[in-house]
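Number of protein chains: 2
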Amino acid sequence: MRGRYKINYNKKNIPQPTIHRLTIYLRCLELLVENENGKKKEMISSSELSIITGINSHQIRKDLAYFGGFGKRGIGYPIQNLIITLKGILGSSKKWDIILAGVGNLGEALLRYKGYKKRGFNIIGAFDKNPSKVGKRINNIELYDIQYMKTFIIKRNIKIGIITVPAQAAQEVAEIMVNGGIKSILNFAPIVLKCPDYVTINTIDISIELERLVYYLSAETYSDN
Amino acid sequence: MRGRYKINYNKKNIPQPTIHRLTIYLRCLELLVENENGKKKEMISSSELSIITGINSHQIRKDLAYFGGFGKRGIGYPIQNLIITLKGILGSSKKWDIILAGVGNLGEALLRYKGYKKRGFNIIGAFDKNPSKVGKRINNIELYDIQYMKTFIIKRNIKIGIITVPAQAAQEVAEIMVNGGIKSILNFAPIVLKCPDYVTINTIDISIELERLVYYLSAETYSDN
Chain F
191 MRGRYKINYN KKNIPQPTIH RLTIYLRCLE LLVENENGKK KEMISSSELS IITGINSHQI
251 RKDLAYFGGF GKRGIGYPIQ NLIITLKGIL GSSKKWDIIL AGVGNLGEAL LRYKGYKKRG
311 FNIIGAFDKN PSKVGKRINN IELYDIQYMK TFIIKRNIKI GIITVPAQAA QEVAEIMVNG
371 GIKSILNFAP IVLKCPDYVT INTIDISIEL ERLVYYLSAE TYSDN
Chain H
191 MRGRYKINYN KKNIPQPTIH RLTIYLRCLE LLVENENGKK KEMISSSELS IITGINSHQI
251 RKDLAYFGGF GKRGIGYPIQ NLIITLKGIL GSSKKWDIIL AGVGNLGEAL LRYKGYKKRG
311 FNIIGAFDKN PSKVGKRINN IELYDIQYMK TFIIKRNIKI GIITVPAQAA QEVAEIMVNG
371 GIKSILNFAP IVLKCPDYVT INTIDISIEL ERLVYYLSAE TYSDN
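Note that the protein sequences, when read in sequence, are chains F and H. Under this note's numbering, think of the first position of the first sequence as 191, with each following residue one higher. Under this note's numbering, think of the first position of the second sequence as 191, with each following residue one higher.
If we strip away everything but chain F, and leave its shape as in the complex, we get (with noise of 0.2 Å):
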């Protein structure tokens, strides 16, 4: 029998769309076990983790069959170890520090959003080039210069970055953050960031996101010609 942290799989293989519904899947189930409290529930079945994903259940089982059998036919899966496995393949059973660049308003609502610690992500720095800002502290995170980012990372050895630049600084940014070894990158600035292959860059474009729901919605006004 093949022990939970045993993965025997290649991870640079799994295709990103199926890494981005295992990210769904956990944060359901644990939303699941916070709410369910008092009356224990142990065993979840594929069409009962369709309902509370949106995601069919087809793709779950197929999704889940991936990294081993953990699943029983007609019985289904076991919550806790099914949240412990997809902790140990996402690799958020580990605790991750993170810098953020750029105190404008979307990195302080970032820097005050208290959400990241009990999923295991603790931003240690915060990083301006702002005179007025530097040295302040928000929501307990000091904000530094970021002249001094680069040296941050190197001895603090951090491997996660946020950009929350203006777009036209964020490139630099980016190849200050490269340079001191960061290898994630969540990018909040509309740009397209030029970096290494080693890097994993996750860009969220608040216009794009806009503009993936209005295909949807603009699908309705069209007609097919």
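Since the hints were made in silico from the structure, they are not lab data. Be careful, since some hints might not be right.
Straight-line alpha carbon distances no greater than 25 Å define the calculated BS3-like cross-link-like pairs of lysine-lysine that follow [what the hints assert, rightly or not]:
| hint | chain 1 | residue 1 | chain 2 | residue 2 |
| --- | --- | --- | --- | --- |
| 1 | F | LYS307 | F | LYS326 |
| 2 | F | LYS308 | H | LYS340 |
| 3 | H | LYS384 | F | LYS231 |
Covered stretches of chain F, as calculated for chain H (at least 3 residues, CB under 8 Å) [to be verified]:
| hint | segment |
| --- | --- |
| 4 | 214-225 |
| 5 | 267-273 |
| 6 | 285-295 |
| 7 | 330-340 |
Partial list, computed: chain H residues near chain F (C-beta under 10 Å) [as the list claims (entries may be wrong)]:
| hint | residue |
| --- | --- |
| 8 | GLN206 |
| 9 | CYS218 |
| 10 | ILE279 |
| 11 | LEU296 |
| 12 | ARG302 |
| 13 | GLN337 |
| 14 | TYR338 |
| 15 | THR341 |
| 16 | PRO380 |
| 17 | ILE396 |
| 18 | LEU403 |
Note that the structure is predicted; figures quoted are calculated from it, not measured. All C-beta atoms, glycine included, are put in the ideal place defined by N, C-alpha and C.
Take the given structure of chain F and dock chain H to it, following the hints.
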């Protein structure tokens, strides 16, 4: 010859990942045109588009072929034409009025963001239940009591809403929006909203976005077994 706006496909059948990539092509082409200024480039090949978008050229050709053959082998795509066509497909050549519910840090950051307008989006009202916020203006957008949200949506015929309220209030707010007639929701609350099938929901959960990054980061620290 097919006219630019005569789109002969059923929008509902286009896979979501294709739509996601189309929004990226459009954004990158627009940035290209903005940055080019004087030296006008008229055509772009799929391999050039691949370099600026980071999406492989085979995929690009496949995605664009979906919507009819508007490129020429060996020559590429006419840039301006491609932009107009993509806008037509995505519905982003239209103007869309939007409302926002929940004026905390993130909501305020989104209200202050100036990038929507040139993408055709216009936030025309924001709603909060906190009486100390009601009546104020942020970036010239008026803040109303959330009890008037449904009436506002109906009166102004709003189809798109942004949710930036805390997780525990998000479901109720989504229901008010849907009852008012909203069909597309951009949700920043870290929960899975339950809405009727005809409503499109795009949830952005910062922790989940970080987890997606961490998966690739932790891939290096796991060994195959």
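Consistency of the hints with the structure:
Taking the CA atoms of LYS307/F and LYS326/F, the gap is near 21 Å; set against the 25 Å cutoff, the hint holds. With a CA separation close to 34 Å, the supplied pair LYS308/F and LYS340/H exceeds the 25 Å bound. As the CA atoms of LYS384/H and LYS231/F are separated by approximately 21 Å, the hinted pair is consistent with the 25 Å bound. Against chain H, the segment 214-225 of chain F contributes 5 residues with a C-beta closer than 8 Å to a partner C-beta. That satisfies the three-residue criterion, and the hint holds.
Evaluation of the coverage hint for the segment 267-273 of chain F: breached, as 0 residues show C-beta separations to chain H shorter than 8 Å, against a requirement of three. Three residues within the 8 Å Cβ limit are the bar, and the segment 285-295 of chain F against chain H gives 4, so the coverage statement holds. Evaluation of the coverage hint for the segment 330-340 of chain F: breached, as 0 residues show C-beta separations to chain H shorter than 8 Å, against a requirement of three. Interface hint status for GLN206/H: upheld, as the beta-carbon distance to the closest one in chain F is roughly 8 Å, under 10 Å.
A least Cβ separation of about 6 Å between CYS218/H and chain F falls short of the 10 Å threshold, and the interface hint therefore holds. Interface restraint check for ILE279/H: the shortest CB-CB distance to chain F comes to about 8 Å, inside 10 Å, so the restraint holds. The beta carbon of LEU296/H is positioned within 10 Å of a beta carbon in chain F (closest approach about 4 Å), and the interface hint is therefore held. Because the beta carbon of ARG302/H sits about 5 Å from the nearest beta carbon in chain F, less than 10 Å, this interface hint is met.
Below 10 Å, beta-carbon pairs count as interface contacts, and GLN337/H has none with chain F, the closest being about 25 Å; its hint is therefore violated. With a cut of 10 Å, the hint placing TYR338/H at the interface with chain F is violated, because the nearest CB-to-CB distance is about 23 Å. Among the interface hints, the one on THR341/H is violated; its C-beta lies about 21 Å from the nearest C-beta in chain F, farther than the 10 Å criterion. Interface restraint check for PRO380/H: the shortest CB-CB distance to chain F comes to about 6 Å, inside 10 Å, so the restraint holds.
Because the closest C-beta pair between ILE396/H and chain F is about 6 Å apart, less than 10 Å, the hint holds. Given the 10 Å rule on beta carbons, the hint for LEU403/H holds: about 4 Å separates it from the nearest Cβ of chain F.
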